[in-house]
Each structure stands twice: as structure tokens, then as C-alpha cells.
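As given, the protein sequences belong to chains Z and R, one line each in that order. Sequence positions in the first sequence follow the UniProt record's numbering and run 1 to 379. Sequence positions in the second sequence follow the UniProt record's numbering and run 1 to 306.
Residues of chain R clear of chain Z, computed beta-carbon distances all greater than 10 Å:
hint, residue
1, L41
2, R51
3, H60
4, D83
5, V98
6, A127
7, L214
8, V218
Facing chain R, from chain Z, some residues (calculated, C-beta under 7 Å):
hint, residue
9, V227
10, F228
11, L232
12, I342
13, Q343
14, S353
15, V357
16, N364
No wet-lab data here; the hints were simulated from the structure. Don't be surprised by glycine CBs; every beta carbon is placed ideally from N, CA and C.
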Amino acid sequence: MTDGTLATDAAAAKPAPAGHSLLALAMRRLLRNRAAVAGSIVLALITLFCVAGPWLSPHPYDRVYRSYVAMPPSLELYPKESALAGAMGEALERARLAMADFSVDGDSFRVTLRSDRPIDPRNTRYIERLDEFADPRVVETLDEGRTLVVAGRVNRQLFLMGTDRSGRDLMTRIMVGGRISLLVGLLATFVSLVIGVAYGAIAGFAGGRVDNLMMRFVDVLYSLPFVFFVILLVVYFGRDFVLIFVAIGAVEWLDMARIVRGQTLALKRREFVQAAEALGVGTGGILRRHIVPNLLGPVVVFVTLMVPKIILLESFLSFLGLGVQAPLTSWGVLISEGAANIQSAPYLIIFPSIFFVATLFALNFIGDGLRDALDPRDR
Amino acid sequence: MLTYTLRRLLSAAPTLFVIVTVAFFLVRFAPGGPFDLEQPLAPQVLDNLRRAYSLDQPLHVQYLDYLGKLVRGDFGPSYVAIDFTVGEMLRRALPYSVTLGLSALALAIFGGVAAGVFAALRQNSAADYSVMTVATVGVTVPNFVVAPVLQLVFGLMLGLLPIGGWGDGGLAHRLMPTVALALPQMAVIARLTRSSMIEALRADHIRTLRASGLPGHVIIRHALKGALLPVISYLGPAAAALVTGSVVIEKIFAIPGIGAYFVEGALNRDYTLVMGTVVTLAGFVVVFNLLVDLAYAALDPRVRYD
Numbered sequence: 001m002t003d004g005t006l007a008t009d010a011a012a013a014k015p016a017p018a019g020h021s022l023l024a025l026a027m028r029r030l031l032r033n034r035a036a037v038a039g040s041i042v043l044a045l046i047t048l049f050c051v052a053g054p055w056l057s058p059h060p061y062d063r064v065y066r067s068y069v070a071m072p073p074s075l076e077l078y079p080k081e082s083a084l085a086g087a088m089g090e091a092l093e094r095a096r097l098a099m100a101d102f103s104v105d106g107d108s109f110r111v112t113l114r115s116d117r118p119i120d121p122r123n124t125r126y127i128e129r130l131d132e133f134a135d136p137r138v139v140e141t142l143d144e145g146r147t148l149v150v151a152g153r154v155n156r157q158l159f160l161m162g163t164d165r166s167g168r169d170l171m172t173r174i175m176v177g178g179r180i181s182l183l184v185g186l187l188a189t190f191v192s193l194v195i196g197v198a199y200g201a202i203a204g205f206a207g208g209r210v211d212n213l214m215m216r217f218v219d220v221l222y223s224l225p226f227v228f229f230v231i232l233l234v235v236y237f238g239r240d241f242v243l244i245f246v247a248i249g250a251v252e253w254l255d256m257a258r259i260v261r262g263q264t265l266a267l268k269r270r271e272f273v274q275a276a277e278a279l280g281v282g283t284g285g286i287l288r289r290h291i292v293p294n295l296l297g298p299v300v301v302f303v304t305l306m307v308p309k310i311i312l313l314e315s316f317l318s319f320l321g322l323g324v325q326a327p328l329t330s331w332g333v334l335i336s337e338g339a340a341n342i343q344s345a346p347y348l349i350i351f352p353s354i355f356f357v358a359t360l361f362a363l364n365f366i367g368d369g370l371r372d373a374l375d376p377r378d379r
Numbered sequence: 001m002l003t004y005t006l007r008r009l010l011s012a013a014p015t016l017f018v019i020v021t022v023a024f025f026l027v028r029f030a031p032g033g034p035f036d037l038e039q040p041l042a043p044q045v046l047d048n049l050r051r052a053y054s055l056d057q058p059l060h061v062q063y064l065d066y067l068g069k070l071v072r073g074d075f076g077p078s079y080v081a082i083d084f085t086v087g088e089m090l091r092r093a094l095p096y097s098v099t100l101g102l103s104a105l106a107l108a109i110f111g112g113v114a115a116g117v118f119a120a121l122r123q124n125s126a127a128d129y130s131v132m133t134v135a136t137v138g139v140t141v142p143n144f145v146v147a148p149v150l151q152l153v154f155g156l157m158l159g160l161l162p163i164g165g166w167g168d169g170g171l172a173h174r175l176m177p178t179v180a181l182a183l184p185q186m187a188v189i190a191r192l193t194r195s196s197m198i199e200a201l202r203a204d205h206i207r208t209l210r211a212s213g214l215p216g217h218v219i220i221r222h223a224l225k226g227a228l229l230p231v232i233s234y235l236g237p238a239a240a241a242l243v244t245g246s247v248v249i250e251k252i253f254a255i256p257g258i259g260a261y262f263v264e265g266a267l268n269r270d271y272t273l274v275m276g277t278v279v280t281l282a283g284f285v286v287v288f289n290l291l292v293d294l295a296y297a298a299l300d301p302r303v304r305y306d
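From just these sequences and the hints, can you work out the full model?
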């Protein structure tokens with residue numbers, strides 16, 4: 001008997017064990033899928049890298065460092081010690097001045113300039129203009145101005161992934177390109193999501209002749225090589241950022257429409273829809289309240305598999321030179337530039353490709369994981 | 001079967017019509033024209049040019065005119081490559097693209113099916129996992145990444161194969177572009193084949209064959225017959241993807257095929273050349289889809305012919 005009271009007490013103390021909702025079960029299945037979890041982590045890291053990176057990076061993505069064109073990736077700071085004297089010599093040659101003495105001490109330099117005539121102190125601009133040196137100032141004037149001693153700072157910079165053929169920091173460009181690629185992927189997916197869900201739900205719910213006609217139209221569109229129309233659009237109406245994702249999204253809604261239609265056809269015959277009909281809810285209301293929310297599962301799965309497809313399509317366009325315009329960039333543009341310089345600077349294709357491929361992998365793994373989690377029958 | 005074939009043939013016609021119409025008006029409504037040169041032409045010259053190419057006619061007259069000529073197989077003159085008709089240009093480029101496309105398709109089908117069957121027969125073994133990992137890589141990595149890497153490794157570092165060009169059309173020149181073009185589709189087909197083969201091997205009639213003690217290769221043949229159906233229905237999209245991919249591959253390997261003409265024509269606003277390439281490529285995809293549908297109907301008795 002005491003056992004019985006204890007049990008009741010325990011049950012009263014703890015809330016009744018909640019029944020596991022479908023979502024919680026799906027979540028648990030997803031978390032058990034190691035590939036999907038790893039994919040999510042990688043995707044989150046890359047997104048963070050691309051979104052926050054450009055603010056933290058010391059280099060603007062479009063800043064051209066003329067002294068560091070096509071520098072290979074390195075953990076060491078640029079400029080290299082051995083290159084300093086040469087760089088200074090070049091600058092002074094341009095200023096038509098002789099270099100008498102040049103020394104570097106830690107992060108500061110000291111140079112003695114000599115000429116036959118008095119030297120204009122504004123000649124320090126020639127030194128300042130180089131990427132290697134900063135804040136040059138005259139510390140001593142000798143020989144009635146014919147000799148100047150100039151001191152300043154050595155501008156030390158890090159190019160972890162090297163610089164491109166125009167002397168721009170590759171890592172910052174990968175971050176900015178990633179922003180564009182991910183953004184195009186998300187926005188175009190959203191466009192195709194809206195069109196596809198609306199079209200498919202209406203076709204499936206209307207049924208009969210309307211459904212037949214709408215789906216025949218999709219069939220006709222399916223057999224068109226649509227990428228060509230996207231290319232034509234982009235070529236003729238300019239490489240506008242908005243146009244690119246609208247065009248891609250408008251092309252990629254067909255699969256979504258088919259999936260949503262099939263699901264809607266099945267949902268339509270369920271009791272809760274019939275109940276809503278019996279209660280006098282209008283077609284629009286049933287679609288909004290009952291059909292679309294129940295489509296969420298397959299749609300979510302499809303969206304995660306759609307984003308990599310669209311990123312791929314965007315980089316395909318960029319590769320053909322039809323993507324976003326310079327100085328803005330995307331992963332496709334970077335890979336295309338890398339492919340052009342593959343012999344002289346292979347790192348230019350390796351680094352963007354790593355980020356690009358890792359993102360695609362992550363998204364594919366997440367999509368597969370979600371599919372297994374939300375629909376355990378279909379594997 | 002005959003009526004089904006005829007009906008499918010008839011339904012392909014409106015598709016082609018839609019393609020021609022959309023492409024025609026898309027090209028015409030775009031800003032800029034083929035005669036917008038850096039140095040503007042004299043108005044008199046421009047007028048004469050426009051008259052010579054019937055660009056001064058109302059749009060619907062031009063459209064009907066183009067349709068009429070197209071039906072007779074006349075693609076019209078190229079606006080930019082003077083003295084050439086689009087028909088001539090396409091005829092010259094077509095052999096390269098067709099050779100490349102068909103060999104890539106063959107490689108994708110045979111390679112993909114073989115890999116898929118191999119993996120399915122050893123389900124959940126190390127061999128299965130490694131084949132499927134390679135297939136996942138193939139699906140994920142686009143061919144414009146694969147192609148330069150192939151060029152770097154086999155062309156530059158090992159010096160085994162020519163980096164680009166068509167040469168005499170020999171195997172050495174064709175090998176890298178074909179592999180790069182086929183790889184993504186081969187990977188998709190391998191995944192498809194594996195999953196449908198696994199399902200087919202579990203089917204009742206296969207179990208009966210096993211129980212009857214038939215040798216392995218007979219069982220595989222019977223299972224494959226059913227397992228290949230999803231692969232066949234995928235061939236339509238695969239062909240479309242190969243046509244699209246060939247644009248990039250032809251560019252990377254400097255092959256003078258149709259894909260190269262398409263990009264060139266679009267950038268130069270060579271109306272007739274763009275139309276010609278789009279119609280040709282779309283025509284290929286449509287005809288191929290038709291063939292796939294017919295093959296599917298012939299192979300799967302469950303498909304009704306009405």
C-alpha cells in the first residue's frame with residue numbers, strides 16, 4: 001500500500017511524462033544522424049565565417065595591394081624582410097632620389113635620401129604610396145636640404161590564403177563571395193518555394209480538369225532546357241543581382257510544384273479537411289489553415305536540397321562570366337578566376353573550391369538527414 | 001503502342017513551338033541589338049542593314065517569317081558572322097557536340113549502372129560505402145571544378161593527356177572532357193541504380209529464383225530488369241543536364257561545339273545564332289525525352305497507352 005502512495009506522490013511531484021510530438025521524434029532521429037549533425041556544424045561555421053568575416057578582416061574585399069599581386073598563401077607577415085630594401089629602392093627611383101642608407105629595426109624603418117638639389121619633403125608621398133610602408137616623416141634635414149632622413153612604420157599584413165591576380169586578399173573575397181552565393185541560394189529558393197507551393201497546392205486541391213491542365217503545363221516547362229533561358233535573361237537584361245535570383249527561382253519551382261501537388265492530393269481526402277469543409281470553411285481558408293501547414297515536412301526537406309542546387313546554378317552562371325559583376329564576387333566567380341590561373345597559382349582555385357564543396361556537402365547531408373528523420377519509411 | 005507513339009510525337013510539337021516562341025520574343029525584347037557597335041554606324045547604313053535582314057518589318061511579321069523558314073529547316077543568316085548562315089555554323093559545330101554528348105551519356109549510363117549494381121550486391125560493405133562516397137562527391141562537386149583539376153593533374157603535372165582542343169578527335173583529346181561531363185550524371189545514376197537494385201533483390205520473384213538454386217548471374221539479370229526502370233526515366237533529365245554541362249565543358253576544353261556558339265551568340269546579340277542554338281539543343285532534349293518515354297512504355301507493361 002505504501003508503495004502505491006509513494007508512486008502517486010512521485011507522479012504528482014513530476015509532471016506527467018509528455019507524449020513525444022512528431023517534431024521531437026524527428027529532431028531526435030536527426031540528432032542521431034552523425035552526417036547531418038556534422039553538416040549542420042560545418043554549415044554554421046561557414047555561414048559565420050562569411051557573414052562576420054568581412055567585418056573582422058583587416059582587408060576590404062576590393063582593396064588592391066599593388067605590391068602583393070598573386071602572393072601565395074602564407075602564415076608569415078608580408079612584406080618579407082628581404083623584399084623591403086628593393087621596394088624602397090623602387091619608390092625612390094620613381095622619385096628620382098638616391099638611397100644612401102636603409103635600415104629596418106623591428107616594425108620601423110629609417111632611410112636616408114640624397115639628391116643634387118634640395119629635396120622637397122613632400123617626396124615622402126612616394127614612400128607612403130607603397131603598401132609596405134606607412135607614416136613616413138622627415139626626422140632630420142642635412143646639407144641644406146640635399147639629404148633627408150625619413151623614418152616610419154613597416155606596414156605588416158597577413159594574407160592567410162594569399163592574394164589574387166589583382167592583389168586583393170583572397171580570404172576576404174571568399175567571405176564576401178560566400179555571402180553572395182549563400183544569399184542567392186536562400187533568396188532564389190524562397191522565390192521557388194512561394195511559386196511552387198502556391199501552384200502545387202492550388203492544382204492538387206482543385207483537382208480534375210484544372211489539375212490536369214496545370215500539371216500538363218508543368219510537364220511542357222519541364223522538357224525545356226531552362227538554363228538557357230536563364231542565360232538569355234541574364235545576358236540581355238544585365239547582370240543584375242536581383243534578376244539573377246528571381247530568374248533562377250522562377251525556373252526551379254517545377255519540382256516543388258509536383259511534390260506539393262502530390263501531397264495535397266493525399267491530404268485532401270483526410271478527415272480534418274472534410275471536417276473543415278463541413279464547417280463551411282472556404283477553399284482559401286482550408287488551403288491556408290490545413291493544407292499548407294501539413295506540407296511542411298516534404299517542403300523543408302526539398303528546400304535544403306534545393307539551396308545547394310541553386311548555389312551550383314549561380315556559380316555555373318558566374319563561371320560563364322554571367323554572374324555578379326566585379327568588384328563584387330561569388331564563389332563561382334572565384335573558382336572561374338582560379339581555373340584561369342590554375343598553372344601559375346593553383347591556390348586560387350583550391351581555397352574557394354574547398355568552401356564551395358564543403359557547403360554543398362553540408363547542405364546535402366542535412367537534406368538527406370532531414371528526409372530520413374521526417375519520413376522514416378522512405379530511405 | 002502505335003497510337004501512343006503518335007500521341008507522344010504530337011505532344012512534342014507544342015513543346016518545341018513554345019521553345020521557339022519564348023526564345024524569339026525574349027531575344028527581341030532585350031535592349032541592344034546586333035548592330036550596336038562601339039562606333040555607331042551611319043543611319044543610312046543601319047537602315048540598309050535592318051532592311052536587308054527584314055528587321056524593319058513589324059514584329060509579328062518577322063515572327064511568322066521565322067517560323068515559316070524554320071519549318072523548312074532554314075535558320076536564317078548569322079547577323080554577326082557575315083556570309084555564314086546559322087545552318088552552316090551549326091552543321092560545323094554539331095559533330096563535336098554530338099560526339100562529346102553521346103560518349104558522355106554512354107559513359108554515365110554504363111559506368112553508373114555498373115557501380116550501382118556492384119554496390120547493391122555488397123550492400124553495407126566497405127566496397128559499397130566507398131563507391132557511394134565517390135558517388136556523393138561526384139554529385140556534389142560541379143564539373144567546372146572537376147574539369148580544371150583534371151587538366152591540372154593529367155595535362156600539366158603528369159603530361160599524359162592534351163589540355164584542350166579537339167585535335168583529330170582521337171580518344172586522347174576526348175577522354176578528359178567526356179569524363180568531366182559524364183561524372184555528375186554517372187554519380188546520380190549509380191545512386192539510383194543502387195537503391196532500386198537493393199529493392200529489386202528483396203522482391204518475391206527474386207527470392208523464388210534464389211530458392212530454386214539458380215546461379216548468381218541469372219538472378220542479377222532478372223533483378224536488373226526491374227531495377228533499371230527508374231534509371232531509364234532519369235535519362236531525360238540526365239540528357240538535359242549533359243546539354244547544359246557541355247556549354248561549360250566546351251568552354252574549358254576549347255572545343256568548337258554548339259555550346260560555345262550559344263554563349264558567343266548571346267554575348268554578341270546574334271539573334272539568329274542564339275535562336276538556332278536554343279532550338280537545336282532544345283530539340284535534342286525534347287526528342288530524347290520522347291525516346292525515353294517510348295522506351296519506358298515498351299519496357300514497363302504497367303504504363304497505360306491512353
